[in-house]
Amino acid sequence: MPAFLAVIYKELRLLSADPSSLILLLLLPFILVAVLSEVFEPLVVGTPRLDLPVVDLDRSESSMNIVEQLSGIDGFDVDLEQRSQFREADAEALFGGGQRVAALVIPAGFEDALSSRGEAMLTLHGDPARSSYVSILHEQLQGRLLAEQLSDTIARVAGEGGGEAAVARAIESAAARARVETIPASERGTFPSAFEQTVPGFAVMFGFFTAFYAAWNILREREEYHTWQRTIVSPMARVGIAAARLVAYTAVGVLQLTVMLLLGRLIWGMSLGDAPLALWLAIGSWSLVSASVGLLAGFVFREIQALSGVLYLSVVVLGALGGALLPVTFLPDWMEAVSVATPHYWAVDAIQDLIARGQGLTDILPHLAILLGFASAIAAGASLVRRPA
Amino acid sequence: MYPAWQVIGLIQKDARLILRRPQAAVVLLILPLVLMAVTGPALDFVLGETSLRVTIVDLDRSERSAQLLEELGGVTGLEARRAERPGASFDEPDVRDLLDGGAAVLLIPKGYSGADGPSLRYYVDPLQAGLATVIQGRIEQAAFLTELPSAVAGSDAAGQDAVRRAVASAIEAPAVRVEDSLGTEAQGFPSAFEQSVPGFAVMFGFWMAGYFAVVLYSERELWGTWRRTLASPVPRWSMPGTKIAAYAVFGVLQLAVLFTAGRVIWGVDLGQAPVTLAFIMAAASFVTVCFGWVVTSLVREYLAQQSIISLSVFTLGAIGGAFVPVFLLPPWMEWLSPFTPQYWAITAFQDAMFRGAGLADVTLNIGVLLAFSAALFFAGLARFRLVP
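Respectively, the protein sequence lines represent chains A and B.
Each number in the working numbering comes from the position in the first sequence (counting from 1) with 7 added on.
Residue 276 in the working numbering is what sits at position 290 of the second sequence, and the numbering runs on without skipping anything.
For the record, the hints were derived by calculation from the structure and aren't laboratory data.
Note that the structure is predicted; figures quoted are calculated from it, not measured.
By construction, the Cβ of each residue, glycine as well, lies at the ideal position given by its N, Cα and C atoms.
This list has only true hints and no planted wrong ones.
Sample of chain A residues facing chain B (criterion: CB under 8 Å; computed from the structure):
hint: 1; residue: F47
hint: 2; residue: L131
hint: 3; residue: Q149
hint: 4; residue: A182
hint: 5; residue: E188
hint: 6; residue: P191
hint: 7; residue: V324
hint: 8; residue: L338
Here chain B is said to cover these stretches of chain A; the calculated rule only asks that three of the stretch's residues, wherever they fall, bring their Cβ under 8 Å from a Cβ of chain B:
hint: 9; stretch: 36 to 45
hint: 10; stretch: 306 to 320
hint: 11; stretch: 358 to 367
All chains should be built: construct the whole structure from the sequences, respecting the hints.
Encoded structure:
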């Protein structure tokens, strides 16, 4: 046992000998998580707010009514411009180099058309590089304008045939009955914030950098410091040496994820769920998987270039496949099927169950078992692939 | 003046270094392609081009609930799946099983069609609440249309007729309509892949900075080839310059392969201006390599170099609009975006591919990218130690 602890102590001393790298290891994932969570927030929370430049060429009472209706719609920041003419090139200038998706033009003669023919047209000039968003915007605008006009139209048509009050009652009754009660499908009872949704995935994804750090240190010990050779001639079984390394790097992983989640709690007020022990076990199991991968990679690779390439690929690709970037249900069916074969899937799902869905230890026991299975298989693979000597 | 062949020899040496280590292709080519393959379909979801799966449980089994089911079948963006619940029972814990990977469960409760019946219940997976909320508006609209006839039936005959005419008039021929105009030389509608390929190509093209740093570190600290080159009869200060030029060429090749793969695999339209694309690729590659150069000049530790470059690939890419279009970013990020080279590169590619822009239209973008390159190069030069 003292020998086992001595190897762990040696590993931690090696880590502390390079404090700048250790600080980077702890902070790098947090910075990535912070930036990417901000980026994904509008998509996670729902329809994002859009700037909508409106060019009023008509400058009439009717056109002002339209602007007023649009200003009242949630999700749009209307930016009114009154001009006397408008060309295609003006639309491109209004897109602001990709910072706006479309511009709405109220053409000259809008009010005349409305009063003489009873109908008029608005033009939505969309950025062709963003046509999907233009379609969404178009649907929203048309829907909201229709809703705004519905009561006027109904009042007008009903007024012609009588029974206006009865119509109003019927519409009101149908609208009341069409209401949908939205309920979160989880034990938590409330919807999680954007950070509570995104942080678990990114934390797992970038927590995987621990594997790179573990492998890189093994490589350095073998090729640069030559402390590996000294360790294996010590009176301790090789399995014990490998296990001590696993413990040391698992501790680093747990520290890394704990720092990340605590900073998330302090800065964004993230809930960490009601089961701290379960959360700690989940991040511990995930860190053990990362440390095992680091052990395997450290034994397999001889060159830092190959190690970097393969581990970066693993961080990003396995993370994306495992649902760390976007929910697994967004992936095509075949990828969704593959995702359960990645340890990332089980780690992300377990931490999301605890933080975003408000579940407890018993709910994530299968996840923990599968993660420990992955860690054991990978560590066993490390001992088979190549002798540490 | 030294003969040009000596400089070309240096570039050839770097080409051999790259070709001898095929693992470079993993990060430089396979990584972006796999990520495009993974995130492309996901972006389809975000753009609303793929339907959201909603399980519907009908406990009412009435004529009206059947009408609602029929109406829901036609709702855009909703893939309705029926789940049978024999015996008209439903417990809250059932919801998790019923979700089965979908976004939500819509429950038509027992007694829904009655005069004061309960309202529809929409159980949403907390992790898909954003998109499920968008669909909720469409479900309410479908329910409204289903409810309308029975609501009207309660009023007198004149009222019923008036409502029918009014609704038909308001919905089928609204007074104010909005028409689309995409008005540029570009034709067609870019797909999710056409929106994501330029973004991810630029974002992961930035890994070339990491590879440049790896090779420079290895040459200086591990292989000893830097010292050997210093001893060769080439101008000493041409070494960083030729190395940057060589890796900028590899960067162009990398981007060309990524865009070509996008064209071949996902049918991405590369536009009508290949020369313009080539110029943008060259400018973007120069910035990338100069970034790798400045990092290796300022930071000596290998892990620190790679950490800074990894951080930059993701954060600058995200702020520059690679993951999510700039107009969807939070305001402070939207403000920061033009300070990243990725923003100028992505905008230039999209201009050339989808907005019908030619070389003259993207001059500003290319100029900004070259200015970034020059600033990074000289910042690195000030701190670079030729002899390690």
